[in-house]
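Chains as they are written, first to last, in UniProt numbering: chain F, 1 to 249; chain X, 1 to 249; chain L, 1 to 249; chain R, 1 to 249.
No lab work stands behind these hints, which were simulated from the structure alone. Ideal Cβ positions, reconstructed from N, Cα and C, are used throughout, including at glycine. Heads up, a few of these hints could be off.
As the list claims (entries may be wrong) - Calculated lysine-lysine pairs in the DSSO-like style (CA-CA distance at most 30 Å, straight line):
#, chain 1, residue 1, chain 2, residue 2
1, L, K5, F, K156
2, L, K66, L, K5
3, X, K139, R, K156
4, X, K156, R, K139
5, L, K5, F, K139
As the list claims (entries may be wrong) - Chain R regions said to be covered by chain L (calculated; three or more residues, Cβ under 8 Å):
#, segment
6, 118-132
7, 205-219
Number of protein chains: 4
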Amino acid sequence: MGNIKVGVLGANGRVGTAVCEGVNAADDLELVAAIDRDDSLDKLVEAGAEVIVDFTQPSSVMDNLKFCLNNGIHCVVGTTGFDDERLAQVEKWCADNAPVGALIAPNFAISAVLTMVFAEQAARFFDSAEVIELHHPNKLDAPSGTAIHTARGIAKARQEAGMGEQPDATEQSLPGSRGADVDGIPVHAVRMTGMVAHEKVIFGAQGQSLTICQDSYDRTSFVPGVLVGVRNIAQHPGLTVGLENYLDL
Amino acid sequence: MGNIKVGVLGANGRVGTAVCEGVNAADDLELVAAIDRDDSLDKLVEAGAEVIVDFTQPSSVMDNLKFCLNNGIHCVVGTTGFDDERLAQVEKWCADNAPVGALIAPNFAISAVLTMVFAEQAARFFDSAEVIELHHPNKLDAPSGTAIHTARGIAKARQEAGMGEQPDATEQSLPGSRGADVDGIPVHAVRMTGMVAHEKVIFGAQGQSLTICQDSYDRTSFVPGVLVGVRNIAQHPGLTVGLENYLDL
Amino acid sequence: MGNIKVGVLGANGRVGTAVCEGVNAADDLELVAAIDRDDSLDKLVEAGAEVIVDFTQPSSVMDNLKFCLNNGIHCVVGTTGFDDERLAQVEKWCADNAPVGALIAPNFAISAVLTMVFAEQAARFFDSAEVIELHHPNKLDAPSGTAIHTARGIAKARQEAGMGEQPDATEQSLPGSRGADVDGIPVHAVRMTGMVAHEKVIFGAQGQSLTICQDSYDRTSFVPGVLVGVRNIAQHPGLTVGLENYLDL
Amino acid sequence: MGNIKVGVLGANGRVGTAVCEGVNAADDLELVAAIDRDDSLDKLVEAGAEVIVDFTQPSSVMDNLKFCLNNGIHCVVGTTGFDDERLAQVEKWCADNAPVGALIAPNFAISAVLTMVFAEQAARFFDSAEVIELHHPNKLDAPSGTAIHTARGIAKARQEAGMGEQPDATEQSLPGSRGADVDGIPVHAVRMTGMVAHEKVIFGAQGQSLTICQDSYDRTSFVPGVLVGVRNIAQHPGLTVGLENYLDL
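Bound-form chain F, shown alone (with noise of 0.2 Å):
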């Protein structure tokens, strides 16, 4: 079998320059266009790119999808920006140019999208579970979205297996030494120097604990996500929001 041809949309950003290096990298794929803003798009149907990865700007992400859909190219999208009109034009153009596929992910980072993952099926069997989540100190929000959406698939996986509130017998408390509460799953924020991004998914039975662990090191985590998507997007016709419905888990 021969490699896949990878173009990458956006490849002198820092971004893009990481995903070309991981292309380069990869035994099994080849990089056959790396495109930046003065570049036409035909350059990929001239260089035969079977897949894209666009890491580009939500001014400029449908057109690229549109062209390369268009033109039978999957398309593996880190780009933000994307609500449900947009989504649903994607899904339309993949529709048209069966069996093309894109994929839409707000994480590539592999070991947060399992550790998700991964919560969520652990969480019927744990009375309880928190979430703690570091960061560096020049982030903007508390609790960070992914924690938030750990902690909300862990409140929906125990209603869903219909299990109370989680014990605690906390009458006297300093506010704020509890965390957050997310749909009753306490998420708790550390901000500090040093730090890049590291989420703590602990979860409590008689005797025992179970520890979920994402430790982001650098800024090029989401390198191997990106090509699980390249090397995953045949099979995967139409659009799939979420890496971890690539991950046949």
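Fit chains X, L and R to the supplied structure of chain F, relying on the hints for placement.
Chains X, L and R only, in chain F's frame:
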């Protein structure tokens, strides 16, 4: 729906006592018979037990299972000493009395079982994987059976995904520093006063790591897993080996 | 040098039993008197006790200390309920019977005491510091007294080093997510089935973090600290409050 | 009090650049000279440098130190290659120009230095101690020099306290599982894609453990330690080897 009626065999032992307490504390379970070595098994039938839990001895467990399965009582079994011959016998008793079920598991610590399952699921997404287990210093074997089993599961998943050896440029090393080699997965064993039983599986990929970590704080950590077995055995006719098969992940 | 002769008061209680076992297991200590509520304190003198350990009740501890100190017996005390008046009284008994010593400590878990001491030492070298404590869900207060004490020690060390507020750009946050504010140090409390008592102090500086972490796995974790007290009290005449003063760090 | 005037040698290198940025970001320090290989050292004197930081080459560092010390400029040195002869020479230059100071340190990562110091302090209070270090897979040696140094410090502290061997009942083991034996302290090395440099020292005593853990997330983690050196060198005349001697713990 009524409560599940549970009998406990070996009820006066340390383990059986904890099982009885766990059943009594559960809203959806009812302890109808607590049997120890001088009690007649007939009590189980008289009490209407639907499921029994057996933490007894290899010398008595087969008689217990024969009686219970032949009386249509499901069996959750933590007793050790099952070889292929014994498993075949139990399978036959189950078949003869369908749809009765038997669950035989070497490890009922739900956090340990999930650690193994998640480790196998995660393995193919990461370049690197190592296992660290920590136990009290009176343990006779190193690494623990659970850690070896975990490493083998990771190795198998890597192999099935066509992954090669782990990256490791080590040229100079002190003997033992890189751990035991279990099918290509390094396994490290710590022995330490104060510890109970702990396992940590670490995965690494570009810019990130995923850690799945299990701590047993006391010797009753098998109870939640036993209750998972009791609650779900009616949906699993026949012989099942390993609690992971009940988790519907 | 001969063994140190030790008497234990409250010897039949849960804590006292563990202390007796600890003394018996130590090569350099000899248990010469195990006293409980119906025993005469004279036995301590008859047995030649050099040091006593008192884990009794606030209602009886002052009588015990008066007797022992007046008889020249050093006192290691884990009983609670000491206010300034009681401490002054103990100090006077020590002075009247110099060079006898009394050690009164709220926390004998050596790992917890060292965590506090190291946290204070490390504080001025790091831009950021936060405390996370984890306990069983039956605990009534949050955060734990130990965590609050640790945070205050860090805050004091930062202030003495002329350090300002911690960096934190958070603009949008869910209430509670950033923990309780203890003198400027965020403290997070986790309550979870299965946990015993755990504390984690995290420090961050450019490109790095330092974590000091303490786990209590069972309720005998005070024993090693008590033995440190017993072994060193002869070198500490007079009243000492806090085990950290015996550690010679 | 005015700012401390700092010169940086090797200012255009990767390390020197990070030092310059660190000095510039500090309110109490002023970068007065950024010297690289083609610059004259006279610039340091002209600029009034009070302290220099040298991260250059073994081939040039001795000339740099001779010039600076003879001009009464304190020297913070991260350059490698100092043998006893070189150290004696630096000591002599310091003595000839008292009270000038020179700090030569193999490791300026403050979290790593504190981990070693705290490990030595804690060692005698715990029955068990093991070291786990984790690094990227391109590292050539295992265990790391820092981990070996840490283990030796623990072993020395145990020996001085008259402690014997660690408890370990292991009878059956896979080769390597119990780590490398460094003076009786087991040391485990993990090599993993994504990791940077991490060290964990675990101590165990009855019912408890203490873990001191250091994470380096990027290659600028030496900067805070260098600034500790710069700020305190005026109080340390003469030659000092090792940043730990500046920490006033």
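Query raised in the report: Which of the numbered hints are not met once you compare them with the structure shown?
Result: 1, 5
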